[in-house]
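Participant: Using the sequences and the hints given, assemble the complete structure.
Number of protein chains: 2
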Amino acid sequence: MNNKQNVLIIGAGLCGSLLALRLGQRGFNVSVYEKRPDLRKVEISAGRSINLAFSDRGYKAIKLVGLEKQVKQLCIPMHGRMIHDAHGNTFQSNYSGRPHEFINSISRGDLNALLLNEAEKHENVSIYFDQACQSVDFEKTTALFKDYKSQDVFVEDADIIIGTDGAGSVLRKSYYLAKKFLFSFSQNYLTHGYKELCILSKENGDFRLHKNALHIWPRGSFMLIALPNLDGSFTVTLFLSYDEGQYNFNNLTKEAVVLEFFKNEFPDALALMPNLLDDFFKNPTAPLGTIKCAPWHYKGNTLLMGDAAHAIVPFYGQGMNASFEDVIEFDKVLDMKLKNWEEICKTYARGRKKDTDAIADLAIDNFHEMKDHVANPIFQEKRKLEMALEKAFPNAYVSKYSMVTFNEDMGYREAMLKGRAQDKAILNLLHSGRIQLQDDLKRTLEIINQETQAILADNEIAGFKST
Amino acid sequence: MNNKQNVLIIGAGLCGSLLALRLGQRGFNVSVYEKRPDLRKVEISAGRSINLAFSDRGYKAIKLVGLEKQVKQLCIPMHGRMIHDAHGNTFQSNYSGRPHEFINSISRGDLNALLLNEAEKHENVSIYFDQACQSVDFEKTTALFKDYKSQDVFVEDADIIIGTDGAGSVLRKSYYLAKKFLFSFSQNYLTHGYKELCILSKENGDFRLHKNALHIWPRGSFMLIALPNLDGSFTVTLFLSYDEGQYNFNNLTKEAVVLEFFKNEFPDALALMPNLLDDFFKNPTAPLGTIKCAPWHYKGNTLLMGDAAHAIVPFYGQGMNASFEDVIEFDKVLDMKLKNWEEICKTYARGRKKDTDAIADLAIDNFHEMKDHVANPIFQEKRKLEMALEKAFPNAYVSKYSMVTFNEDMGYREAMLKGRAQDKAILNLLHSGRIQLQDDLKRTLEIINQETQAILADNEIAGFKST
Numbered sequence: 001m002n003n004k005q006n007v008l009i010i011g012a013g014l015c016g017s018l019l020a021l022r023l024g025q026r027g028f029n030v031s032v033y034e035k036r037p038d039l040r041k042v043e044i045s046a047g048r049s050i051n052l053a054f055s056d057r058g059y060k061a062i063k064l065v066g067l068e069k070q071v072k073q074l075c076i077p078m079h080g081r082m083i084h085d086a087h088g089n090t091f092q093s094n095y096s097g098r099p100h101e102f103i104n105s106i107s108r109g110d111l112n113a114l115l116l117n118e119a120e121k122h123e124n125v126s127i128y129f130d131q132a133c134q135s136v137d138f139e140k141t142t143a144l145f146k147d148y149k150s151q152d153v154f155v156e157d158a159d160i161i162i163g164t165d166g167a168g169s170v171l172r173k174s175y176y177l178a179k180k181f182l183f184s185f186s187q188n189y190l191t192h193g194y195k196e197l198c199i200l201s202k203e204n205g206d207f208r209l210h211k212n213a214l215h216i217w218p219r220g221s222f223m224l225i226a227l228p229n230l231d232g233s234f235t236v237t238l239f240l241s242y243d244e245g246q247y248n249f250n251n252l253t254k255e256a257v258v259l260e261f262f263k264n265e266f267p268d269a270l271a272l273m274p275n276l277l278d279d280f281f282k283n284p285t286a287p288l289g290t291i292k293c294a295p296w297h298y299k300g301n302t303l304l305m306g307d308a309a310h311a312i313v314p315f316y317g318q319g320m321n322a323s324f325e326d327v328i329e330f331d332k333v334l335d336m337k338l339k340n341w342e343e344i345c346k347t348y349a350r351g352r353k354k355d356t357d358a359i360a361d362l363a364i365d366n367f368h369e370m371k372d373h374v375a376n377p378i379f380q381e382k383r384k385l386e387m388a389l390e391k392a393f394p395n396a397y398v399s400k401y402s403m404v405t406f407n408e409d410m411g412y413r414e415a416m417l418k419g420r421a422q423d424k425a426i427l428n429l430l431h432s433g434r435i436q437l438q439d440d441l442k443r444t445l446e447i448i449n450q451e452t453q454a455i456l457a458d459n460e461i462a463g464f465k466s467t
Numbered sequence: 001m002n003n004k005q006n007v008l009i010i011g012a013g014l015c016g017s018l019l020a021l022r023l024g025q026r027g028f029n030v031s032v033y034e035k036r037p038d039l040r041k042v043e044i045s046a047g048r049s050i051n052l053a054f055s056d057r058g059y060k061a062i063k064l065v066g067l068e069k070q071v072k073q074l075c076i077p078m079h080g081r082m083i084h085d086a087h088g089n090t091f092q093s094n095y096s097g098r099p100h101e102f103i104n105s106i107s108r109g110d111l112n113a114l115l116l117n118e119a120e121k122h123e124n125v126s127i128y129f130d131q132a133c134q135s136v137d138f139e140k141t142t143a144l145f146k147d148y149k150s151q152d153v154f155v156e157d158a159d160i161i162i163g164t165d166g167a168g169s170v171l172r173k174s175y176y177l178a179k180k181f182l183f184s185f186s187q188n189y190l191t192h193g194y195k196e197l198c199i200l201s202k203e204n205g206d207f208r209l210h211k212n213a214l215h216i217w218p219r220g221s222f223m224l225i226a227l228p229n230l231d232g233s234f235t236v237t238l239f240l241s242y243d244e245g246q247y248n249f250n251n252l253t254k255e256a257v258v259l260e261f262f263k264n265e266f267p268d269a270l271a272l273m274p275n276l277l278d279d280f281f282k283n284p285t286a287p288l289g290t291i292k293c294a295p296w297h298y299k300g301n302t303l304l305m306g307d308a309a310h311a312i313v314p315f316y317g318q319g320m321n322a323s324f325e326d327v328i329e330f331d332k333v334l335d336m337k338l339k340n341w342e343e344i345c346k347t348y349a350r351g352r353k354k355d356t357d358a359i360a361d362l363a364i365d366n367f368h369e370m371k372d373h374v375a376n377p378i379f380q381e382k383r384k385l386e387m388a389l390e391k392a393f394p395n396a397y398v399s400k401y402s403m404v405t406f407n408e409d410m411g412y413r414e415a416m417l418k419g420r421a422q423d424k425a426i427l428n429l430l431h432s433g434r435i436q437l438q439d440d441l442k443r444t445l446e447i448i449n450q451e452t453q454a455i456l457a458d459n460e461i462a463g464f465k466s467t
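Taken in sequence, the protein lines are chains A and B.
If you use the UniProt record's numbering, the first sequence corresponds to residues 1 to 467, in order.
If you use the UniProt record's numbering, the second sequence corresponds to residues 1 to 467, in order.
Any given hint could turn out to be false.
Since the list gives no way to pick out one identical chain from another, each pair is judged satisfied if it fits inside one copy or across any two copies.
Claimed, not checked - Capping the alpha-carbon separation at 25 Å, the derived lysine to any residue pairs in SDA-like fashion look like this:
#1 418 - 457
#2 346 - 252
#3 180 - 280
#4 179 - 99
#5 332 - 264
#6 173 - 134
#7 72 - 461
#8 69 - 40
Calculated directly from the structure, the hints in this document are not laboratory data.
Facilitator: Shown next as structure tokens:
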């Protein structure tokens, strides 16, 4: 198979534009069709979060395409979670005991624009906007598009069509509706939705909260978070049930009730948000869904990547990172010089799916951890111990969070299995008093490792695929 | 809410006909629309298994409607699994150490006919055949039907519409396609499909294999099973991958290859199946899917029950039993005298879904146990020990299989959590040598109970919802 193959990509979001850039670098003839207008020319943000967490897996992909310097300029480091309690007290819980390990807040729009600019520098890459995919004929390897400006409808074909068209993927829907093969598929919504709000910068452009942290107001069954933007503002997100509890999205319909809710629960945040009511009633409430499916590809004709294949909830900050990692893994398979697209797609999906399934499950775990557990004494004790261990033994101890976020050479599934066993070991050891924060750290690490190994071995014998 | 409400049931399969009977007994005006012809008048079996495993949860529902005597006459007790190894040797592994606990083979058609006959005895119950539901308007509580004989299309309304229309439910599809609310949904296929075959009776009507067992030929990655029928025949089912392994459904396309496969793998079964090739090429290969969804109801207008809400794979023999248990649980909620159908549906779904999710997962576990683990020495040792414990301590020891199958007053979810912890305890204790088959049983039971409790407690502390 030569590089002169025609690749049609549906969707020029983060995954699609990175993929276009990489395939362009490899010499393929790449055409990208995006249903939205060009985000470099008009402001669009409807339904998509404004900033995102960017960490080591994403960074590895950015290095692959040689953009690390440009991307670094867009990043605001966040060293830990800044937790705001109900009385307005704060304390910071770092993401790692190793000082070089942190996550970053980055603007979705800026990053996407950078990737589009770089992709378009390749004359073998063409990107078309306002072109909405209507359906894909995966047996003929053709896609039907509608030009939103001219209203024309047209068919494009290619050697392979890759759908990076997000959680609402038209290619995936074509798989589902055609019923030509057994298509496993799930869409699972949390009971909670989210709404974006904003803390504006001070008049002089300064940040109104500590800049280098991900701020969380955990309240058990709901929470508020805030991530910094380069302009000194914070994008704030409220995660709340649609219909459970005293306050929920269904009953927050009046200004007085919204104010009462924020006064009771988030008084310190409210003080920074004079624009709260405007934002609250202007911005949409959006659902939180997880999508899994299989197979991702149909023969060698079509392939799903990114959110189109595996949309996840945002609570591990891994959505974009996982999609970027897709491009790394796909690129690795291209290096294998397999004989055709079918072999490439099979090999890619076989290696990748277990990892995207794992991060989907981890992200749901973290939903509960963030809104609830971070305010729980035994979880706080565990995090303190983990920070101490990572500081004392930077090469020997790695928390689950660090495995997922900072160990880009360990797959998500391995991180999940090891990390869950280790978390379970630490929580049980702390609870039973067999280890304590003030104990000798070396001895504590040995006990944790033994217990973790015992848990993994027990699971293995019992034939459980995961705990 | 009075009993004179009009209830429209879509589908007169096992769940729909039992539900119609029970609601008829309670005095509701019940109309049932079934797309197939009346199975009491024509022979139909396409795509549906001919006989089924009937056990204590199903029996409890049958007692609720007062049909235990009639149903017993349709039952063939199966006391255990009769395992056939590759050399034709057999050994029996009982389902329980308590002699009164066994499962039954029952004809789907005979049981369905009995339920239809009994339902129709109520003048407030009407059943219409050859009436295919096309779609449901769940906001108006109306359903669109097509009469297959006259080709007429018509709309019916009711106070509530209950979809018992199976794994391919039209009501569920209406929920999914309308996109009027957040509908979580999954369809997951195993890599394996199944095909039904047959061992005919001897000329004198006798059984060609031991009558009172579920026969299994476990072969690691595939298996054959056989359940007895009242006429002396066995319905045989081959579970095999579509495309993996040396032999699979995709490559078993020639008579010689099918014969070779059976000669190599199931020589003793082949000797009893002179009709193998006819059956193999005449009968369809069907997929094995699990369906979960939520919510099951839309306000108080419509409700999914049975396979329409939760289709599962057949490996725990609980598909029909779970659907019958739905009717018991729904009946209990009706006894609460709630104020409207919405409260009834909410209460029913809240209590029931966790249990049907659990049996779906347990059924997949048992797929691996049946095709593979039953032939594994440590699993065999575990089952021997469990039989000895159930015999020696009939009130104090209950295996996971017994909790699921014979303890109809314990929910599936509780059975799953306790049963998985207990299985894990026993396997680990046997593996480490801390318990052995020849040890004092009382002491062994104490150790197992302690270890099981420790596993449950550890899971609880670590915040795991299940192992």
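Participant: Output the indices of the hints that this structure fails to meet, ascending.
Facilitator: 4, 5, 7
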